[in-house]
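S.K.: Let's have the full structure, built from the sequences with the hints guiding it.
Heads up: the sequence lines are chains A and B, in that order.
Letter by letter, the first sequence follows residues 8 to 412 of my numbering.
Letter by letter, the second sequence follows residues 155 to 524 of my numbering.
Calculated from the structure, these hints are not laboratory results.
Computed from a predicted model, the values in this text were never measured in an experiment.
It is possible that part of the hints are untrue.
Stated by the list, open to error - Label-pair restraints from in silico Cβ distances: (1) A:A298 to B:G339: 16 to 26 Å; (2) B:E387 to A:A30: 42 to 52 Å; (3) A:K294 to B:G341: 20 to 30 Å; (4) B:E170 to A:D282: 35 to 45 Å; (5) B:G353 to A:N16: 44 to 54 Å; (6) B:A295 to A:G365: 25 to 35 Å.
Said to hold, decoys possible - Simulated crosslink set (PhoX-like; lysine-lysine; CA at most 25 Å straight-line): (7) B:K470 to A:K290; (8) A:K239 to A:K85; (9) A:K219 to A:K51; (10) B:K485 to A:K299; (11) A:K131 to A:K206; (12) B:K373 to B:K307; (13) A:K249 to A:K406; (14) B:K418 to A:K299; (15) A:K131 to A:K72; (16) A:K196 to A:K239; (17) A:K294 to B:K470; (18) A:K73 to A:K38; (19) A:K299 to B:K470; (20) A:K412 to A:K196; (21) B:K336 to B:K470; (22) A:K239 to A:K192; (23) B:K418 to A:K412; (24) B:K418 to A:K406; (25) A:K412 to A:K249; (26) A:K51 to A:K206; (27) A:K335 to A:K72; (28) A:K22 to B:K485; (29) A:K51 to A:K38; (30) A:K38 to A:K294.
Just so it is clear, CB atoms sit at the ideal spot from N, CA and C, and this is done for glycine as well.
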Amino acid sequence: MINLELTPNLEETRKATRGLAEALFRPISRKYDRQEHAYPEELKALGGPRRKRTAEEIREAEELKKLAKAQEKQNEGKIVNGSNLNGVVSVAEMCWGDVGLMLSIPGAGLGNAAISAVATPEQKERFGHLYASMAITEPSAGSDSAGIQATAFLDGDEWVINGEKIFITAGERSDAVVVWATVDKSAGKAAIKSFVVPKDAPGLEFVGLENKLGLRASDTATIRFDNCRVPKDNLLGDPEIKRGGGSFGGVMQTFDNTRPTVAAMAIGVARASLDLTIELLEKEGIKADYAKDVWQASAIQAELYRMETDWEAARLLTMKAAWMSDNKQANSMEASMCKAKAGRVGNYITLRCVELCGAMGYSETELLEKWARDSKILDIFEGTQQIQLLIVARRLLNKSSAELK
Amino acid sequence: MPEQQPPALFDLTLTEEQQMMRDTVARFAESEMRERSRTSDEAGHPPEGFYQRALELGFNMVQLPEALGGMGAPRSPVGNMLIAEDLASGDMSLAIGALSSLSFINAVLDQGTQAQQRTWLPRFAEETLHQATVALLESQAGFDPGSMRTTAKRVDQGYELTGTKSMVPLASASEVMLVVAKLEGEGPAAFFVQAGADGMHIERQPYMGLRALSLDTVKLEGVTVPADARLGESFDLQRLIDLGKIGLSALTVGTCQAILDYVKEYCNERVAFGEPITNRQSVAFMIADIAIELEGLRMLTYRAAARAEQGLDFHKQAYQAHLQAADKGMKIGTDGVQLLGGHGFIRDHMVELWYRNLRAIGILSGCAIV
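M.R.: Now the structure itself:
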C-alpha cells in the first residue's frame with residue numbers, strides 16, 4: 008500500500024541520529040572546519056574498539072547473522088523496510104549535523120562498504136575489524152575508473168602494487184586502504200581488481216593531505232604505492248579476468264548502494280541550510296507557511312517553497328532507491344537518479360540560503376557558508392552529476408558506453 | 155476522511171485493487187485516448203461517445219456509498235490520483251473531461267451533507283451518462299482564490315450568486331455544478347447550481363490547449379439558489395483546492411510520462427551526423443533530466459495523495475506537488491518540443507499538443523479533485 012511517511016521505526020532512527028548530530032557534531036562543526044587536518048578526537052567514542060574480535064564475539068556475530076537470514080527467509084515475497092532505508096534516513100540526519108564529521112566516524116569508511124559487499128567469509132574475518140578507506144581516483148583518472156593506471160602483479164604468494172592514488176577519504180586515519188588496480192593493462196576494465204592494503208604494508212607511502220573548499224573535517228589523502236606487497240588473499244572478489252566486464256560490474260555495483268547514501272548526505276546538508284534560513288527569516292517576519300499561492304507570496308517565500316519542494320523530491324527519490332534495494336529490486340538507474348537530483352539540489356539550496364541570509368549567511372558566525380562549501384563535493388564524489396546523467400541516459404535509451412560516451 | 159492506522163511500512167506497491175483499476179484505465183488510455191488525442195484536439199471535441207465509454211470504466215461509482223447505489227469502496231485519493239495519472243497518459247483534455255463528474259462527486263462526498271449526497275450523487279451510479287462539474291477559477295490576471303470576485307449574498311429564498319467563472323470543464327453539458335463564491339460577510343462558500351438556472355449564461359471559450367475539452371465561461375447574473383444549496387455545514391476551500399492540486403499533479407505525471415516515452419523512441423531513431431542523436435550527451439542528458447524530474451514529481455504526488463488518504467494534513471505536500479508539476483511539467487513540455495527540433499513545432503507530432511496542454515497546469519484549479 009502506497010505510503011511515503013516514515014514508519015515509527017524509521018522515525019525513531021531519525022530522531023536518534025538527529026539527537027547525536029545535534030549533541031556531538033554541531034558543537035564541533037566550526038572547530039574542525041577551521042582546524043583542517045586535525046583529528047576530531049571527540050568522534051573516537053563512536054568508532055568502537057578497533058581490534059580483532061574474540062572467539063566469543065565472532066560466535067555471537069554468526070548467531071546474529073543466522074537470525075537475520077532466518078528473518079529474511081520469513082520475509083521472502085513480503086515488502087520490507089531494511090538497512091538501506093534506515094541507512095539513508097540516519098545518514099541524512101548525521102549530515103544535518105556535519106557531513107565532514109560524519110565521514111570521519113572511525114570504522115565507517117567506503118572501503119568497509121566494499122569489504123562487506125564482496126569479501127569472502129575468511130576475508131571478513133581478517134579485515135572486518137579494520138577501518139578501511141577506498142582508493143580509486145588517480146591524478147589522471149577520476150570518473151573514468153576504467154582508465155586506472157595503477158598496476159598489480161602476482162609475485163609468488165604476493166601481489167605487488169604500483170601507482171599513485173588521490174582523493175582518498177579517511178586515507179590518513181584508516182587502518183587499511185582498498186586499492187583499485189589493473190592486473191592486465193591490455194584487458195581493459197575487466198582486469199581492474201581491488202586489494203586490501205594495510206597501512207603498514209611495505210611500499211605504501213603516505214604522501215599528504217589536500218586543502219579543500221569544504222568538508223575540511225574529513226581528511227583527503229594521497230598515497231603512493233611503490234612495489235607495495237600484500238598477501239595473495241588480499242584481493243577482493245574473483246581474481247579471474249572475465250571478458251565483458253563481469254567483475255568490474257561487480258565492483259561498480261558497490262555504488263548502487265552508496266549513491267543513495269551520498270544523496271542522503273546532500274539531503275542532510277541542504278536541510279540544515281533550509282532549517283536555519285527559515286529560522287533566521289522568521290525573526291524578520293518572513294514565514295514559510297505555504298499560506299499564499301506562489302504568485303502571491305513574496306519572492307523570498309516563493310524561493311523557499313521551490314527549494315523545499317525540490318528538496319522533498321530529492322528526498323523521496325532517495326527513499327525510493329533505498330526501498331528498492333531493501334526489496335532486492337534492481338535500482339541502478341534509481342540510485343543514479345536520486346544522486347543526480349540530490350547533488351544538484353543540495354548545492355543549489357545551500358548556496359541560495361547564503362544569499363537569502365545576506366551578510367549573516369556569508370559570515371562565519373553562522374554555518375550557512377560552511378554548508379554551501381561542503382555541499383559542492385556531494386555533486387561530485389561517488390560519480391559527478393554528469394556521470395549520473397550518463398548512467399540514467401544509457402539505461403533509459405538502452406545505450407552502451409561505446410554509443411553514448 | 156477518518157484517520158486510519160498508519161501503514162507499517164514505507165511502501166510504493168499498489169494494492170491488488172489499485173493495480174486492477176490501473177490496468178483497466180491504462181488499456182482504455184491506450185485504445186480510446188492516445189490514438190484519438192490529435193484528432194480530438196483538432197476537432198475541438200472528444201470522439202463520439204467518449205464520455206459514455208469512460209463512464210463504463212466505473213470509477214464514478216466505485217467510491218459511492220452503497221446506500222447511494224455505488225459500490226461502497228472507501229474514499230481513496232490515492233486510487234483517484236492513479237486514475238488521473240493513467241488517463242492523462244492517454245490525453246489530458248479527455249482526462250479532465252472524463253474526471254469532471256468524479257471531481258464533483260469527490261467534493262460532495264468530502265464536504266457535502268448527507269442530504270446533499272442523497273440528492274446529488276445517486277445519478278452517478280447509473281449506466282446513463284450524467285455530467286457535473288466544479289466552477290472555481292476566474293479570468294482576472296493574477297487570480298488567486300483569495301481575490302475571488304464572484305459573490306453570494308443571503309436573500310429570502312436562499313442565496314443570490316453574481317460573478318463570472320472561467321475554464322469550467324463541461325459546464326454546458328452539466329446537470330449541476332458546484333460554484334465557489336465569496337459569501338458576503340462570511341468568506342468562501344460553494345453552491346449547487348442546476349443547469350438552466352435563471353440568470354446563468356454559459357459560453358465556451360477557446361484556449362491555447364486542452365482544445366478537445368469544452369472549457370466554459372459561466373456568467374452568473376443574480377442566480378438564486380435555495381438555502382440547502384450551500385455545500386456542507388462549513389466549507390473548507392483550501393481542502394477542495396488541495397485535493398484538486400493532487401489531481402492536477404497526477405495529470406502532469408501522466409502527460410510527462412507520455413512525453414518521455416515519445417522522445418525516447420523518436421530520438422533513438424532520429425539520425426543526424428551519421429548516428430542517432432541520442433548518442434550525444436546534449437540530447438541524452440535532456441532526456442535523463444526529464445526522467446529524473448518526472449519521477450520526483452511522481453513521488454511528491456503520491457505522498458500528498460497518501461497523506462490525504464491517511465487523514466493526515468496534506469496542504470504543504472499538495473502545494474509542493476502542484477508547484478513542482480507547474481514548474482517541471484512545463485519544463486518537460488518545452489524540452490519535449492525542443493528534442494524534436496523543427497518537427498516538434500509541427501502538428502504531425504504530439505509534443506506541441508502536450509506543450510500547450512501542460513501550460514494549463516499552473517493555471518487550473520478545482521478540477522480533477524481526488
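S.K.: Each hint should be assessed against the structure and marked as holding or not.
M.R.: Here's how the hints hold up against the structure:
1. A:A298 to B:G339: 16 to 26 Å: Distance hint for A298 (chain A), G339 (chain B) holds at roughly 22 Å.
2. B:E387 to A:A30: 42 to 52 Å: holds, 49 Å
3. A:K294 to B:G341: 20 to 30 Å: With a Cβ separation near 21 Å, K294 (chain A) and G341 (chain B) satisfy 20 to 30 Å, so the hint holds.
4. B:E170 to A:D282: 35 to 45 Å: For E170 (chain B) and D282 (chain A) the Cβ distance comes to about 40 Å; the hint holds.
5. B:G353 to A:N16: 44 to 54 Å: violated, 59 Å
6. B:A295 to A:G365: 25 to 35 Å: Distance hint for A295 (chain B), G365 (chain A) holds at roughly 32 Å.
7. B:K470 to A:K290: With a Cα-Cα distance of about 22 Å, the restraint between K470 (chain B) and K290 (chain A) holds, given a limit of 25 Å.
8. A:K239 to A:K85: This hinted pair is violated, its Cα atoms lying about 41 Å apart.
9. A:K219 to A:K51: holds, 23 Å
10. B:K485 to A:K299: holds, 23 Å
11. A:K131 to A:K206: holds, 17 Å
12. B:K373 to B:K307: Status holds; Cα separation ~16 Å.
13. A:K249 to A:K406: Holds, at about 21 Å.
14. B:K418 to A:K299: This hinted pair is violated, its Cα atoms lying about 38 Å apart.
15. A:K131 to A:K72: Distance ~13 Å between K131 (chain A) and K72 (chain A) Cα, so the pair holds.
16. A:K196 to A:K239: holds, 20 Å
17. A:K294 to B:K470: Holds, because 14 Å separates the two Cα atoms, which is no more than 25 Å.
18. A:K73 to A:K38: With Cα atoms ~43 Å apart, K73 (chain A) and K38 (chain A) exceed 25 Å; violated.
19. A:K299 to B:K470: Status holds; Cα separation ~11 Å.
20. A:K412 to A:K196: holds, 16 Å
21. B:K336 to B:K470: Cα-Cα ~24 Å, so holds.
22. A:K239 to A:K192: Within the cut-off at roughly 19 Å; holds.
23. B:K418 to A:K412: Between K418 (chain B) and K412 (chain A) the Cα gap is close to 17 Å, so the pair holds against 25 Å.
24. B:K418 to A:K406: holds, 11 Å
25. A:K412 to A:K249: Answer holds: K412 (chain A) to K249 (chain A) is near 23 Å, not above 25 Å.
26. A:K51 to A:K206: Judged against 25 Å, a Cα distance of about 19 Å means the pair holds.
27. A:K335 to A:K72: holds, 18 Å
28. A:K22 to B:K485: Measuring from Cα to Cα gives roughly 37 Å; hence the hint is violated.
29. A:K51 to A:K38: Given pair K51 (chain A), K38 (chain A) holds - Cα atoms ~16 Å apart, limit 25 Å.
30. A:K38 to A:K294: violated, 31 Å
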